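Q: Each chain, letter by letter, is given below.
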Amino acid sequence: MVLVRDTSTGYGVVTRLFHWIMAVAIFALFGLGYWMVGLDYYSPYYTSAPDLHRSAGMVLLVGFVIRWGWRLVNTDPGDDELTRFERVASRIVQKGFYPLILAMLVSGYFISTSDGKGIDVFGIVTVPSVTESKPIGLWAGYIHKVLAYMTMAIAGVHTAAALKHHFVDRSQILKRMWSGPPKS
Amino acid sequence: MPLRSSLAASLALSLLALTPANAADFVIDSKGQHASINFRINHLGFSWIVGRFDKFTGTFAFDEAKPEASKVKVEIDTASVNSNQAERDKHLRSPDFLDVTAFPLATFESTSVTPKGDGKATIAGKLTLHGVTKDVTIETESIGGGADPWGGFRHGFSGKTTLALADFGIKKDLGPASKTVELTLEVEGVKQ
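Chains as they are written, first to last, in numbering that gives the first Met the number 0: chain A, 0 to 183; chain B, 0 to 191.
Certain hints may be false.
Pair by pair, the computed Cβ-Cβ distance ranges are [to be verified]:
#  : chain 1 : residue 1 : chain 2 : residue 2 : range
1  : B       : Ser35     : A       : Tyr141    : 22 to 30 Å
2  : A       : Gly62     : B       : Gly174    : 51 to 59 Å
3  : B       : Thr56     : A       : Asp75     : 42 to 50 Å
4  : A       : Ser47     : B       : Gly168    : 39 to 47 Å
5  : A       : Tyr41     : B       : Gly168    : 17 to 25 Å
6  : B       : Ala176    : A       : Gly95     : 43 to 51 Å
7  : A       : Trp69     : B       : Ala165    : 48 to 56 Å
8  : B       : Ser35     : A       : Ser47     : 52 to 60 Å
9  : A       : Thr125    : B       : Trp47     : 36 to 44 Å
10 : B       : Thr56     : A       : Asp39     : 51 to 59 Å
11 : B       : Ala165    : A       : Met149    : 30 to 38 Å
12 : A       : Thr130    : B       : Ala176    : 31 to 39 Å
13 : A       : Ser47     : B       : Thr179    : 45 to 53 Å
Source of the hints: derived by calculation from the structure; they are not laboratory data.
Please read all numbers here as calculations on a predicted model, not as lab measurements.
We treat Cβ as the ideally placed atom computed from N, Cα and C, and that holds for glycine.
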């Protein structure tokens, strides 16, 4: 039996898939974004790289909202083995990711839609613009960049902490995100 | 009495200001937007991209009897660049082009006006753009002037000039067809 929902001892398959797919997607989008803004005007990828970045970003935005909803209706597995500091810090990091990443995705959406035009997603659907706003256009790019770097910084802390729990503390914390609750 | 004397002084000053200036002072009607600062630049040699600066202010002095005494001064909010494409506008504001954080203002101030008859004139002046000040000349033409229907007095002009991006330290390479940008200025001033 595959465990779907999260329990007090570990994560179900839905949470684990969300976690790892989005971890890869977010790092990939950061790398793509970082690379594409430096492209020469005559690079063959000058238009296709942003197209891919926007499209994947919009898919991620939809997936992320669903993920946040899923998180809210699921139990958080226990973290009793952590020290008080680790527990507080990990909660700030893990819960902080949600508004941070959502804001990053939304700010990216506004970079492309502040002129009233929608975002074409892989040539399949168009996400409409909700507002035509010059002030939003002025700030969206800056905010997107700052939030992207913040996300990477916090992801770094998150990764370092997970590795510490795994290799130093020899706890189940990393394993339960990969292969579910420990079998007893 | 200090109050009275300062009142008298300011009255005298305003009278001085009212005494026949040879050149009338006009404020460019950017509030009512009977004025626009437009640009166009070639795209790959295939088409023209047209844009404008939405926010600017300016004044000019103009006397039809003495056009050579005309003066003009304009300040442009570079962040108001608008090419009707949000991502491109973001790029135009970035350090690749206008670098609006470092250079929020572009200014033009005339140094001389050479009338060429028939309402036409060449305005020479200093344009500061991207932090670089250069001498530019603008070919202008009087479109018309006179009393407006609301009790004011207006005069309007068109102007044209071409700038090389590299002259103003804008080094982003857009290709051989896009080294220069054409500016078209449509200006209507309201007499003060």
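Q: Does the Cβ-Cβ separation between Trp69 of chain A and Ala165 of chain B fall within 48 to 56 Å?
A: holds, 54 Å
Q: Hint says 36 to 44 Å; check whether the CB-CB distance for Thr125 of chain A and Trp47 of chain B agrees.
A: Violated: the Cβ-Cβ distance is about 27 Å, outside 36 to 44 Å.
Q: Taking 17 to 25 Å as the hint, is the beta-carbon distance of Tyr41 of chain A and Gly168 of chain B inside that range?
A: The hint (17 to 25 Å, Cβ to Cβ) holds, given that Tyr41 of chain A and Gly168 of chain B are roughly 21 Å apart.
Q: For Thr130 of chain A and Ala176 of chain B, compare the CB-CB distance with the range 31 to 39 Å and indicate the outcome.
A: holds, 35 Å
Q: Given a hinted range of 42 to 50 Å, is it respected by the beta-carbon distance of Thr56 of chain B and Asp75 of chain A?
A: This hint is violated: roughly 57 Å between Cβ atoms.
Q: I want to verify a distance hint. Is the separation of the beta carbons of Thr56 of chain B and Asp39 of chain A within 51 to 59 Å?
A: Since the Cβ atoms of Thr56 of chain B and Asp39 of chain A sit about 36 Å apart, the hinted range of 51 to 59 Å is violated.
Q: Ser35 of chain B and Ser47 of chain A, beta-carbon distance inside 52 to 60 Å?
A: violated, 35 Å
Q: Holds or violated: 43 to 51 Å for the Cβ distance of Ala176 of chain B and Gly95 of chain A?
A: holds, 48 Å
Q: Measuring from beta carbon to beta carbon, are Gly62 of chain A and Gly174 of chain B in 51 to 59 Å?
A: At 38 Å between Cβs, range violated.
Q: Can you let me know if the beta-carbon spacing of Ser47 of chain A and Gly168 of chain B is within 39 to 47 Å?
A: violated, 30 Å
Q: Quick check: does the Cβ-Cβ distance between Ala165 of chain B and Met149 of chain A fall within 30 to 38 Å?
A: Distance hint for Ala165 of chain B, Met149 of chain A holds at roughly 37 Å.
Q: At the C-beta level, are Ser35 of chain B and Tyr141 of chain A separated by a distance inside 22 to 30 Å?
A: holds, 27 Å
Violated hints for the displayed structure, listed by number in ascending order: 2, 3, 4, 8, 9, 10, 13.
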